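Visitor: Letter by letter, the chains look like this.
There are 2 protein chains.
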Amino acid sequence: MQTATPSLPLSRDSIKQAHAVVAPLVHRTPLLTSETLSSETGNNALLFKAENLNKSGSFKIRGASYSISRLSDEEVARGVCTHSSGNHAAALSLAAKNRGIPCHIVSPRTAPPAKLAAVRAYGANLRLCEPTIEAREAALRQVQEETGAVFVPPYDAVNTMLGQGTIFLEAEEQALEGGWGRLGAIVAPVGGGGMLGGISVAAAGTGVRVFGAEPECANDCARGLAKGERVTDFTPNTIADGLRTPVGLNNFPVIQKNVEKVFTVSEEEIIEAQRLLWERLKTVVEPSGAVPFAVVRSEAFQALKIDGPICVVMSGGNSDLSKAFG
Amino acid sequence: MQTATPSLPLSRDSIKQAHAVVAPLVHRTPLLTSETLSSETGNNALLFKAENLNKSGSFKIRGASYSISRLSDEEVARGVCTHSSGNHAAALSLAAKNRGIPCHIVSPRTAPPAKLAAVRAYGANLRLCEPTIEAREAALRQVQEETGAVFVPPYDAVNTMLGQGTIFLEAEEQALEGGWGRLGAIVAPVGGGGMLGGISVAAAGTGVRVFGAEPECANDCARGLAKGERVTDFTPNTIADGLRTPVGLNNFPVIQKNVEKVFTVSEEEIIEAQRLLWERLKTVVEPSGAVPFAVVRSEAFQALKIDGPICVVMSGGNSDLSKAFG
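Protein sequence lines, in the order shown, are assigned to chains A and B. Residues 12 to 337 in this note's numbering are what the first sequence lists, from first letter to last. Residues 12 to 337 in this note's numbering are what the second sequence lists, from first letter to last.
Treat each hint with caution, since some may be false.
Pairs involving identical chains hold if they fit within one copy or between any two copies, as the list cannot separate such chains.
[Unchecked claim] Cut-off 25 Å, straight-line C-alpha distance, at most; resulting in silico cross-link-like pairs (SDA-like, lysine to any residue):
#1 108 x 51
#2 66 x 54
#3 272 x 167
#4 334 x 122
Because the hints were derived from the structure by calculation, they are not lab data. Since the model is a prediction, treat every value here as computed from it, not as a measurement.
All chains should be modelled from the sequences, with the hints used to inform the complete structure.
Guide: What follows is the structure, encoded as structure tokens:
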């Protein structure tokens, strides 16, 4: 498949360059805090990086905006495309709209109506397909043949990691600005691994400990790290819909090298963490975005005895509200 | 009933003095914005004053903290008490805890368990009573006789208005700091009228237009203004549980003098506004806190043609999450 132009080397410096590019295109999302949540959870200040408040409702706007910025003029003219039913679709649609270029999204016809509405609202061309991997890929190939649009992958690309890694640069700055001092650790969700990989590269050499957070019911990354090689034989079955993807080919070795450990949590722990974030932080986080907080609340994580404040990444807020308002 | 010591005159200057007192005790809550919500609603920038993110989950912490600050040393030693099942109970409990004094709360035994848990978590003494006005008042009298605690009323007091009016001072400053310029209007919910009254006093002479927002099903303030006198014969029946109280004796004339108009909205409009705030702003607002946004979305309000940004007060975030997570 066609992908974007060659990328910078995977390094903290490249992520600084990426940040200069995306900073005007995304929100510098706040670090939210709650004395109650921090004191109930342990002895560390918890700094919640609120990517649920980012444009399009998730961190995906960082990678999408950065990926588009790396396109050549010729590529830009052709527009972009992807297949996704979730946050990457909305983010790419908005990033393309901001750049003023065409965007084509292939989504399964079973995708949540609210997510399809967001894609349409951002002006992207939406093509619905049957809910199978084969149908998605066939539909995407057809879009590419018809339009020449450049495929922007959701996670399995160096540019994606460089874009998502900008989260770390902001968090370490904001922790200092807010008077919390140097971060002791950062905990981020891992689905495809674009964000966790990027954060781990940005943190390399800083002394900040980097941890992944994954549902037990989609634990391919944790299992892959234990086995020493990427695991692909798994059937994800978790409420955390953003984390059902396998870790990407490009992302896995980066995580292997730079992430101290990936912790897993149960569905019950995810739901309880999500409810606490809604109730105490008054912030709408989707299940995937609550997985790191569920990890931080676990005994296994508490046993680590982190020294310093902990940045907990809330990756997105595009939660299904039909139950609350149905 | 015993009340706190004499208060300053009701004026913008007094509210500035109150702000100096409460600023270290409460959050300077942010002005949240959404380009989508603003552009879908009309031609004005909407600046959502996020009092749902304030300590104890609502603006009530302002009035409670300020009321306690006005107690004499002798009164402080006796502690404070109130009857409430809602945000004032939690706010007074926290403000008393911060001051290190006893707090006694009388609540109907039918109050939501989550709200009672918050009161207990803040260390207040909780006394449950039957869910009638008579039982509440009798229980409160008994608490006062037993403990000598000073009654801090939830809304019907000058000190309460002075405390809640600080919302306006912050909003007008933040609008300038954020580059939005001078406010064109501010819209606040009206239940007992402590917040709307205080805001209207703080705004007097500034040229900022002040509007109230009330459920149709608890429209005593709007009816009172139309009639030219306070209305007390009403049976509130609205999802906006914070706005079921009648406008206070002290508050009504202040609102009558300083508020341009009180708009009413239907239950459906309130729920739709609440859902939009959760979905787009990713912020958990309780029904009462969504009433001003429901007003701003109405045709009647849009016909006003406000000149400048509109501050929309989201008063609290202590929403019942049992439906979303039940």
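Visitor: Now look at each hint and say whether the structure bears it out.
Guide: We went through each hint and held it up to the structure:
Proximity of residue 108 to residue 51 under the C-alpha cut-off of 25 Å is restricted to the inter-copy arrangement: shortest distance 17 Å between copies versus 43 Å within a copy. With identical chains, the CA atoms of residue 66 and residue 54 are at most 25 Å apart between copies only, with a shortest distance of 21 Å across copies and 32 Å within one. With identical chains, the CA atoms of residue 272 and residue 167 are at most 25 Å apart within one copy only, with a shortest distance of 20 Å there and 56 Å across copies. For the homomeric pair residue 334 and residue 122, the shortest alpha-carbon distances inside one copy (17 Å) and between copies (23 Å) are both at most 25 Å.
When held up to the earlier numbered hints, the structure conflicts with none and fits them all.
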